[in-house]
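S.K.: Sequence:
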Amino acid sequence: MIEVIVRGLRARQKIAADTGPIELTIDNRRVTLDPALIAGRAAQLERRPHNEAHQGLREFVVQEVQSYLGRRGVLDLATLEESTRGASGRDIDNYLDRVWPNLTPQGFLLDLLSTRSRLEAAADGVLDEHEVTLLSVPRDAKVGSYEWSIDDIPLLDAADFLLNGPQRMYEYIVVDEAQDLSPMQLLSIARRSRNGWMTVLGDLAQATSPSALGSWNEEADHLYPPNVPAN
Numbered sequence: 000m001i002e003v004i005v006r007g008l009r010a011r012q013k014i015a016a017d018t019g020p021i022e023l024t025i026d027n028r029r030v031t032l033d034p035a036l037i038a039g040r041a042a043q044l045e046r047r048p049h050n051e052a053h054q055g056l057r058e059f060v061v062q063e064v065q066s067y068l069g070r071r072g073v074l075d076l077a078t079l080e081e082s083t084r085g086a087s088g089r090d091i092d093n094y095l096d097r098v099w100p101n102l103t104p105q106g107f108l109l110d111l112l113s114t115r116s117r118l119e120a121a122a123d124g125v126l127d128e129h130e131v132t133l134l135s136v137p138r139d140a141k142v143g144s145y146e147w148s149i150d151d152i153p154l155l156d157a158a159d160f161l162l163n164g165p166q167r168m169y170e171y172i173v174v175d176e177a178q179d180l181s182p183m184q185l186l187s188i189a190r191r192s193r194n195g196w197m198t199v200l201g202d203l204a205q206a207t208s209p210s211a212l213g214s215w216n217e218e219a220d221h222l223y224p225p226n227v228p229a230n
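What the sequence shown shows, in numbering that gives the first Met the number 0, is residues 0 to 230, in sequence order.
It cannot be assumed that every hint is accurate.
[As the list claims (entries may be wrong)] Between beta-carbon pairs, the in silico distance windows are:
(1) 39 - 116: 21 to 31 Å
(2) 1 - 128: 19 to 29 Å
(3) 202 - 9: 17 to 27 Å
[To be verified] Subject to a maximum C-alpha distance of 16 Å in a straight line, what follows is the list of computed EDC-like cross-link-like pairs (lysine to aspartate or glutamate):
(4) 13 - 146
(5) 13 - 33
(6) 141 - 110
(7) 13 - 92
(8) 13 - 45
If you're looking for bench data, these hints aren't it; they were derived computationally from the structure.
Cβ atoms here follow ideal geometry from the backbone N, Cα and C, with glycine treated the same way.
Given the sequences, and given the hints that come with them, work out the whole structure.
M.R.: Have a look at this one:
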């Protein structure tokens with residue numbers, strides 16, 4: 000599921016150097032930007048959380064727009080600043096909504112699971128057709144009314160991490176009754192550990208979840224890098 004979510008997010012990042020010139024209308028002025036410059040900035044930001052990169056890209060596009068207008072005689076700094084704000088700069092946000100949108104975990108995940116073509120592309124070679132069907136939700140599902148299940152929480156957590164980066168982290172974590180935790184739930188715990196120090200307790204013989212793992216070594220592999228001994 001991590002791979003499916005990552006692929007689904009990468010598909011929302013559509014900035015490329017080989018597209019045609021980027022045409023924007025800013026305060027009734029036609030602006031033409033070089034896609035290679037924006038693609039270069041996107042490459043510099045690609046290791047950052049998606050939404051942080053979105054903000055960096057918007058700042059870069061604003062700078063490019065202001066530079067373009069300045070070269071064409073709009074030299075007043077206040078006018079340049081105003082041209083990229085509010086309604087005047089709406090075309091900048093429209094462009095980024097198409098190529099690198101600002102996303103919420105709920106909106107991104109629901110769109111991925113409710114758009115069959117996007118889900119199939121993200122799951123290609125990872126999940127079979129039956130698994131894709133099981134994951135699919137109705138196309139008309141809405142964020143405000145959709146009822147998430149407890150098993151959706153680690154998916155939303157993974158999406159939030161990719162979109163916004165790590166949240167609150169802890170020096171030491173204690174988990175009890177861990178025998179029924181799924182790999183995705185274990186990864187959610189691992190994201191909150193600052194240094195990998197944790198105590199995880201449970202009785203694997205009492206596991207009832209179909210997603211439970213078979214050994215503590217498997218659990219440790221999801222909680223911390225490989226080759227960490229599990230006692």
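S.K.: Compare the structure with the hints numbered earlier in the document and write down the numbers of the violated ones, lowest to highest.
M.R.: 3, 4
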